[in-house]
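Chains as they are written, first to last, in the numbering used here: chain V, 1 to 456; chain D, 1 to 194.
Below, a sample of chain D positions facing chain V; criterion: calculated Cβ distance under 10 Å: (1) 9; (2) 19; (3) 47; (4) 93; (5) 166; (6) 178; (7) 181; (8) 183; (9) 185.
Listed below are the simulated PhoX-like cross-link pairs for lysine-lysine, each with C-alpha atoms no more than 20 Å apart in a straight line: (10) V/158 <-> V/173; (11) V/244 <-> V/303; (12) D/15 <-> V/303; (13) V/273 <-> V/71; (14) V/273 <-> V/244; (15) D/15 <-> V/366; (16) V/36 <-> V/366; (17) V/173 <-> V/157; (18) D/9 <-> V/71.
Source of the hints: derived by calculation from the structure; they are not laboratory data.
Glycine included, C-beta positions come from ideal geometry on N, C-alpha and C.
Residues per chain, in single letters:
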Amino acid sequence: MKVQDHASAAAAFIADEPRTDWHDETLWWVRQKRDKAAHGLPEWEQLRSWASQIKDHTLSHLDHYLEEFEKNALANGVQVHWAEDGAAHNRIIHNIIRNHSIQRIVKSKSMLTEECHFNEYIREQGVEVVDTDLGERIVQFRNEPPSHIVLPAIHLKKQDVSETFHEHLQTEKGNNDPQYLTAAARVHLRDKFVHSELAITGVNFAVAETGAVVVCTNEGNADMGTHSARVHIACMGFEKIIPKAEHLSVFLRLLARSATGQPITTYSSIFRKPRPGQEMHIVIVDNGRSRQLGRPDFRNSLKCIRCAACFNTCPVYRRSGGHSYHTAVAGPIGSILNPNLDMKANADLPFASTLCGSCSNVCPVKIDIHEQLWKWRQVLVKEGYVAPAKKLGLQGMAWLLAHPAVYRLAGKTGRWVMRRMPFLVNNRLNPWYKQREMPTPPAQSFRDWYLKNRKS
Amino acid sequence: MSARHHIIKAVADNKPAFVPLPDINLDQVTGYDDLAAQFATVVQSIGGQVVPVPGWEALKPLPQAERAAGKWVVNAVPELGATDQEVSSMDAVQLAGVDMAFVPGTLGVAENGAVWLYESQMINRLLPFICQQLVLVLERKALVATMHQALLQVDTAREGYGVFIAGPSKTADIEQSLVIGAHGPVGLTVYLIG
Ligand code: SF4
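Excised from the complex, chain V in its bound form (with noise of 0.2 Å):
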């Protein structure tokens, strides 16, 4: 199947209006839940810098906290499992699976085995693994990749929910109600869990000092998993480590809070040694991210504990859908680790962005996100993975910038034009004008104005 790239998916997204107007609400309002639980905290801001600056350290630090976590692992009972790329990590877990020859395996929420393209590669080994996140099972049933990485079926109405589980759960054709179709989900995974054999977990952090593996969640269904079967796999990308586990304390007060608005998630629940009898794995993966680290615009990018705020906040995720972003991790966030992943396929995606700076803003380990977009944008057009037009654009944009009197001459014609003769901008081929009403512009520019009025 071919990719579509972000711009021609967007624009089949916004067809639907009204759905769209509605995925733009819904993630704005989960955005105003983040602003009141944010607000709520006369020290957020302390808690930010020093969730930036823990990661920082971390980062700066890390091939030794690596390996102390893999000590205390190791010395917990645990098997710790190294894996290069989404490949070996895909490898890894089937050849646990096969040893035991297990049947029945449940996964919770891990948005590394999705960059690892899990799903499709263990189905292709004919072993069948059921998502129990309940958006997750939703898009699964579906056959579609989450949206979103906290929210995975944001992109559906619950008439699409309700229209799946009478397909899948034989529930009544035509009950959307929510509390009806999670009761249905609560009683097919139920029975899912009480018998499964091997549970798949992601991590959210892994704190060196004590070789513990963190998971977060809101309906149970990690634990719920884990405690059932008899071998855990738990799968992280190297990033999730932090130091000590009083450092908990602060990423625990900032991930849901900037995630959906609560204070904590139902469940903080903290894996050190399997019980006994249990088989616990951890499986940490690279799959890019030390070439990230080595790229000093880009290695921020590696501090982030996907909580989704940025993409709550996006103008243009919210009103573009995960799907347009056509890779596991979308978002804004996901437009910078993505080219690191492969840059030519990945190529549009900086530019899916107004580089308002919203995204920074809410950032809860203070990434720039923004200004790395704008960064990308660079090295990619120098890398010759961006479209002639585009590039032309950016050029002339790029060359005007840097000749300010040109810039003032061409801003002067623009706004001329736009007054008189708006159908020239407000038209197909001017693709900024697409679901776009353009703005009645100034009469004078900024600085004109500014001159004249400096003077007075």
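Fit chain D with the ligand to the given chain V structure using the hints.
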């Protein structure tokens, strides 16, 4: 060379110059005049309830009363009478029928309504998750203001597993409508003693 060696070497080669850890000064962190009131307000806002009780005596008849009503009640709180140690060896299929579990908490966090449980307090790791109704029992003096104090007091390396539980299980994955009772308990009560 092994994958482990490659990865650690690549990290060592590519990491930035050393940056020190910040000093985390708890003077800059929120406090609450009334920890119990704050805790109760938050637990309620996340779908649970807090019931203050003067002492252990008032709680003792509870498990028995629930059993008399025909429920399968598991007691893991020694102060409430004999604990049901037999559930330690039960598997998920067996435990799926538990209606109510009484479990002691180590400490409660006023800012977010979370209660810390050590593995040893649960008898079986599954118990607090698989029961339909979870009842946590906590002493009022075991409340702290924020997660900072909580993680200084709790020793997460003492046992194999532990968890902060804040409210009953929930989901909003269908059109962002909040539904209480996703996979775990559909209800959570915290008895606050003293
Ligand atoms: S980049 Fe920041 S805001 Fe975005 S998901 Fe990561 S931590 Fe959250």
